[in-house]
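Since the structure of chain R is provided, determine the placement of chains Z, H and D on it from the hints.
There are 4 protein chains.
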Amino acid sequence: MQKPSTERAPLSPTRFEPKDAAFDRRIRDSFARQALMRTIGAELMRVEPGRVEIALPFRTDLTQQHGYLHAGIVTTIADSACGYAAYSLMPPKSEVLSVEFKVNLLRPAKGEKFLAVAEVVKAGKTLTVVRADVFGIDEEDQRELIATMLGTMICIR
Amino acid sequence: MQKPSTERAPLSPTRFEPKDAAFDRRIRDSFARQALMRTIGAELMRVEPGRVEIALPFRTDLTQQHGYLHAGIVTTIADSACGYAAYSLMPPKSEVLSVEFKVNLLRPAKGEKFLAVAEVVKAGKTLTVVRADVFGIDEEDQRELIATMLGTMICIR
Amino acid sequence: MQKPSTERAPLSPTRFEPKDAAFDRRIRDSFARQALMRTIGAELMRVEPGRVEIALPFRTDLTQQHGYLHAGIVTTIADSACGYAAYSLMPPKSEVLSVEFKVNLLRPAKGEKFLAVAEVVKAGKTLTVVRADVFGIDEEDQRELIATMLGTMICIR
Amino acid sequence: MQKPSTERAPLSPTRFEPKDAAFDRRIRDSFARQALMRTIGAELMRVEPGRVEIALPFRTDLTQQHGYLHAGIVTTIADSACGYAAYSLMPPKSEVLSVEFKVNLLRPAKGEKFLAVAEVVKAGKTLTVVRADVFGIDEEDQRELIATMLGTMICIR
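Listed in order, the protein sequences are those of chains R, Z, H and D. Just so you know, we're using this note's numbering here: the first sequence kicks off at 18 and counts up by one. Just so you know, we're using this note's numbering here: the second sequence kicks off at 18 and counts up by one. Just so you know, we're using this note's numbering here: the third sequence kicks off at 18 and counts up by one. Just so you know, we're using this note's numbering here: the fourth sequence kicks off at 18 and counts up by one.
Just so you know, these hints were derived from the structure itself, not from any lab. Just so you know, these numbers come straight off a predicted model, no measurement behind them. Misleading hints may appear alongside valid ones.
Pairs count within a copy or across copies, as identical chains cannot be separated in the list.
Unchecked claim - List time: in silico DSS-like cross-link candidates among lysine-lysine, alpha-carbon distance up to 27 angstroms:
1) K142 x K110
2) K139 x K36
3) K110 x K36
4) K110 x K130
5) K36 x K142
6) K139 x K127
7) K127 x K142
Here chain R stands alone, though its shape is the one from the complex (with noise of 0.2 angstroms):
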């Protein structure tokens, strides 16, 4: 049987190593003002060197017109996913801005909660290049890739 989502390797553990021992600090600083966060219910879960979790409870008023989360939704927790990720392995006193990134939207977007796994794939002094999973998650922890995220990330000094 093709189980494609669930048999997927997991992501590989981080050994970057961060520029700011304070980097969780102010990852969680940096989350608490995003206002849009709040607003949509989102929540910043485990944060290391090279990788962030966000997770987003279901919740109707951020769907599109089939009842499933919107697009534009998934993409939000997975960009402020992976502005973190990049975002810890800067120096102190840096600012994290998104570039760009492109997303894959594998399947509809259905679940009781989301949660968005970003990793860095490559960090540089200047650009660092991540990467997103979007799960959608069932009342029984089941967890299934609904969107991939390739993206870039800048850093302000």
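Just chains Z, H and D now, kept in the frame of chain R:
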């Protein structure tokens, strides 16, 4: 002086022939069912064969950490505009879904309001390629290009 | 009748101001050093501030399994055109590199020759966003849009 | 020390079930008809359900202006690998075409040879989403990740 955003060519007058005379009604009904559009305060503006515009007034509860409109919300209105631009050329009783899109964030998303202008590049039987420009508009009605999207929509019959 | 590719608006007349009066020479020298351009038979055509065109005659040794031009070669001329369109606005002694690009393949790459037309969307100090259209041109000089690219170039000083 | 490219998780073992027992033969026949692969000297390596590898020895006639492999050639082998990874899961008598892809160029394309490793992310009836990593390999057989692709392929019956 270099003014790329204002000197850019206007999007082309479309000459697409809709396959469904009731395309305007069909799009407005679908837009009304996108709960997220109400949640963020987005409004469906012009609807033409192969082109759709969506406006969004700035709101502080839609911002990222620097106080600008979050890239995910920029993407949300661009994606909905692209989806409906594609949908305007699809036959009756079809549905439209986003396959994928790519967004370049060009400038900080500043403005009193925002306008996403989507235009079909190529309409196919199954897949339709669409692009959108998103403008920030200040209190003097000056437009600045803040993001551009290139994406693919699919027709579900 | 629906003719999206020919009825599309012509790319805008650029009003970009080059930072290097010798941009044309600089681009032609760099193009001459791209060995791949010779290998595939590509030719640098118009060079203007913020816009560059590259032509490629069809050759059977550049095809994919159905006898059309391979998507990788379509991408090759689009990428070089985008890179040089960005480079036309960069200062003396800088270098240009591709950060990323996204390509939509719109129609089979048929034609006697092909033309990639690249245009700067937004020129920044470090990053420049560029788009390109690639046309297939038949023996009667009719153009058909076969692919479109949206990409990011970086200026190395 | 930060070594993202070598410490990244290996691509997952695929558990995809092919719909055509003769997928290997079908892919090798199609590859042999891609004239461009011969022209650039690319070689089809591993073919598994949902995963395909293509190797390319470095050649100076495939370079850009700094002497590295041209991004268009990096894209060419990634695109063919992605297309065939998708094709490995398609039914008999189908054809595969690239719909779109996005490439991030991560490092200068240096190496004695290059390897594109493509893996299906989600196989659908019509559309298949695929990703590929391209590695530069030096004379000591050390791999470095130089580019990553995320793309969409379509099945034509």
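Where does the structure disagree with the numbered hints, that is, which hint numbers, in rising order? Hint 4 contradicted; others consistent.
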